[in-house]
Amino acid sequence: MKRILAQCSKELAQFRRDRLTLALAFILPVMTLFIFGFAIRLEAKNITLIVQDFDHSNLSQSYVERLYATNQFLPVQWSGTDPIRDGIERGLAKAAVIISPEFSRDVKAGKTSVVQVLIDGTDVNNARVIKNSIQAFTNVFIQDQNLLQSSSKILPRIRLWFNPGRQESLYIVPGVFGVILAIYPSLLAALAMSREKEQGTILQIYASSVSAAELLLGKGLAYFIVAIGQTLFVLGLGCTIWQLGFVGDPTPLLIGSVVFLAANIMFGLLIGVRASNRSVAVQGVATVGFLLSLLLSGFIYPLSNIPFPLSLITNLVPARYYIELTRDAFVRGTGWSGVWSAPLLLALLAFLLFNIARKIIRRMQLSG
Amino acid sequence: MSQSATTHSQNPIHSQNPIHPSSRSGSKISLIPHPSNDVLHVHDLHKHYGRVAAVRGIDFTVQRGEIFGLIGPDGAGKTTTFHILGGVLEATAGEVQVLGQPARDARLKIGYLTQQFSLYLDLSLDENLRYVAGLREVDAQIFQERRRKYLQLMSLDRFSDRLAGQLSGGMKQKLALCCALVSQPELLLLDEPTTGVDPVSRREFWDVLAALASEGVTVVVATPYLDEAERCDRVALMYDGQIQEIGTPAELKRNLGLHRLEVHTSDLASAERILTSAPSAHLIDTQTFGDRLDVLVSDPQAGKTQVKQLFAQHNLDLSALESAEPTLENVFVTRLRQQGSAPEFFEFPRARGGQRRANDQIAIYANKLDRRFGDFQAVKNVNIEIRYGEIFGLLGANGAGKTTTIKMLCGLLPASAGDISLGGERGNLRTSELRRRIGYMSQKFTLYDDLTILQNLEFYSGVYGVPRKLRREKIDWVIATCGLEGQENMLTGQLPGGWKQRVAFGASVMHEPDILFLDEPTSGVDPLARRQFWRLINDFARNGTAILVTTHYLEEAEQCNRMSFMVAGETVLEGSPSQIKAAQPGQLVEVIVTASERHEPNPTQAASNVLKQQMESWRVSIFADRLHVAIEDPAEIDAVRSRLQAAHLTISSIRPIPYSLEDAFISVVQRAQVKP
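Residue numbers (our numbering), protein chains in the order written: chain A, 249 to 616; chain B, 7 to 682.
Hints in this document: simulated from the structure, not taken from any laboratory.
Computed from a predicted model, the values in this text were never measured in an experiment.
Don't take each hint at face value.
[Stated by the list, open to error] For each label pair, taking beta carbons as the anchor points, the in silico distance ranges come out as:
1) A:Ile283 <-> B:Gly171: 32 to 38 Å
2) B:Lys618 <-> A:Phe599: 57 to 63 Å
3) A:Lys250 <-> B:Ser166: 48 to 54 Å
4) A:Leu276 <-> B:Arg168: 26 to 32 Å
5) B:Lys618 <-> A:Asp266: 37 to 43 Å
6) A:Arg264 <-> B:Asp455: 28 to 34 Å
7) B:Gln122 <-> A:Leu276: 27 to 33 Å
Idealized CB from N, CA, C, for every residue including glycine.
Sequences and hints are given; from them, build the entire structure.
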């Protein structure tokens, strides 16, 4: 225990003294928080749309006006005759709505009238969003104009739970917390470990009788303390800016944060004991840690969409469990009953990573 | 695990074998019987890296309180041996027993100073010490005691808050030794602890080692400085992974079966050439050492006659010819030459022809150079003038500002004030034409560890713009000079330190620079390779290159045409080696003491201790088996004699001698530091 504390206090002294790591520990997370928190918006807004109205009736004009009034679409000026060639192909618009000359006549005659919608399908996700919005808008328009011949037998009454205003930051920011706290604590830990190897000071540790577990726990403890600071800082700042607050029992998040940080630091140390120098360690954390936490954690892309062999990997990504916890704490508020397994699985991961790292350096000797 | 640290807190140094106070300076052997006095036992040790055998079956035993030296050329397997002894590397085969345990289990009883600085440079002295103490579970109170004791012993107590990175090289090594001592190890492993350390600090370091050994700490030390190896109780000469010879320095010298003649002459280079090429049964070997030639002869009388004859034949003046015992340096060089492992000299393939420039032109010029880093003035009012074809030595203790000066002169660091002209250019020193005429070998290795030797050389020949058709030839020359034929594709990082230096030197001269900056080129290089280095340096100077060199080997510095001594950023003395020696005040006295009836195991050390009680410690320096004492007044000789006799030391010789550069260095640096 004494040796663990000696290791820990030495790490903290080094950390305090190195301005670069201090910056790495606090400035980069803030930058990431701002970039991700403000820049990532999944809701499709300001979709450029052109309309070719051959009908020019009151009805068709009211259709177009109300389409733009959803604030989702942005009218663009275009000249020409072919909306595909002159609009979509030239990148002026993402979608085109073409209203046939018979539009109002057919509606008044009680016939089904056709509005053609052309969508740029390059961005698959966006195309689907455009398709659904135009579909939904048209349905609303039909209802409003009382154009339905017969009322439907089934009418869905939709209510949004947890985030009734569909405030998007409520979805993104808790996820950003998970990504930031997955990357930066592990980066610091990986740097601390690989620096000893790069500078040869690891030989002194090998030459003392410190065990692999003591070394990992000592370094881990120091960076755990730093990581707690980072967590309070990033969560506090994020909650202030985006006005998030706990909506339920905060204990799952508090306990989950502790095990989550532990798992990430162990991940960083694992990278550190494998890497021979600091630049390898940084690359290791940046590629493995960053990619996994960003793509396979459910931060942006729903986990259920990830196909079979890859979906197994998601189980090993700590950020995945933590994002469940943050979203629960700040959005859903269901408490322990909803997320009881996440802290347990995180603890298991931390233990697993610790043991792999320990195995790698268990001999505490030079290789060769 | 903590028993060695906590249960024996009474005796400040060697707790498990308490030594009676009155016997401290006397017998080194513990009075308490120990089951065995063997602290370290190595038997048939082998280490292979893949197919390369680094250590091939070595055996030795080291006794308690002994200073055991491991000497050998670069790449002999010394560092590998240390790694195994320190328990940080597994042996392929063989046995290492430390105090009856495998080395790995005995780690808490071992203090290990690795070749790289083993300190955390971003931690303060105190933090470094406290960390090691924590790792090795030293009790807080005992730690305070030891911390005070060792910091005082190393004269570091004033700096306890300073960051380790801000210490000079010598102080760093002393701090590293402190760290190793905090857990009171019974065995100290020191892998080239004084490489890159200035002569003054080296002597202080060895005085500390002697004090520790006299208290019962066992020391195993590797060193490229053979004058230091003379201070060991026993020495093992190692090369090619095997121990060739083992014994006390005196035994090694006796086994050589040769006598040494010290030849002083005004023309060392010609004399060496003549003596080396003379076919003679008596003259075995000739080595330049500082300002003299060491001629090894089988018979002193016949040898003397022969030398005199040869000098007369060639009209050389012979200012002095004396016979003496061979030194360890002689043993080392002769033995390695017998093995055929002396690096060969290859003529540099010159494309531009010699004597490119008139020798009286100034190549490097600096006037009133200043450099400040914040509040700290690293270089103060330095003036330098170096002509083409001249070798200029910049000497000074660690941290005196030599490297900063070099960096400013070659335009890597802007000067805070002063004028610089380099190769006739002023102002912009970073133009590519100018840079092409300059070679720079920095203190730290400039090679890429993760490239092969060949790739490094190809890279540098490309960077320096060596014409494509000449590259092959130049690269071949570097590889041949370094003795690395067939190993071109080895990763540079796997080379031993001394060999990297050779490759780095080759890389810096491939483009035939007009001006060459060499910052400690021979640091950590073995004595034979150093001789080759200087042959090359002289060869470049003869061909018109202006060379600025720094070194901590003062006997090498004799080969400079001119030199200046820097202390705390200022030039304190400048001139040719003979001018500098002549400028020394006072008188130097050489004292040789021999063991008396009290059977002093190391009479020279004892004599030094006695004299230092009454004189400033820099005035007494140990040079191998003799003492050099700097006195102000020749009449003080009698006082020195009576003091030694009062301590029951037998003086076998005491006489005034001329200053060597090393004596001059110690005296200049110390006198300048004493002045406020």
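Outcome of the hint check:
Between A:Ile283 and B:Gly171 the Cβ separation comes to about 35 Å, which falls inside the hinted range of 32 to 38 Å. Against the hinted window of 57 to 63 Å, the Cβ-Cβ separation of B:Lys618 and A:Phe599 comes to about 59 Å, which satisfies the hint. Distance hint check for A:Lys250 and B:Ser166: the Cβ-Cβ separation is about 22 Å, which falls outside the suggested range of 48 to 54 Å. Hint check: A:Leu276 to B:Arg168, Cβ distance near 31 Å, so the stated range 26 to 32 Å holds.
Checking the proposed 37 to 43 Å range against B:Lys618 and A:Asp266 shows it holds: the Cβ atoms sit about 42 Å from each other. Between A:Arg264 and B:Asp455, the C-beta spacing of about 30 Å keeps the proposed range 28 to 34 Å intact. Distance hint check: the CB atoms of B:Gln122 and A:Leu276 are about 30 Å apart, consistent with the given range 27 to 33 Å.
Hint check: a violation occurs at hint 3 only; the rest are consistent with the structure.
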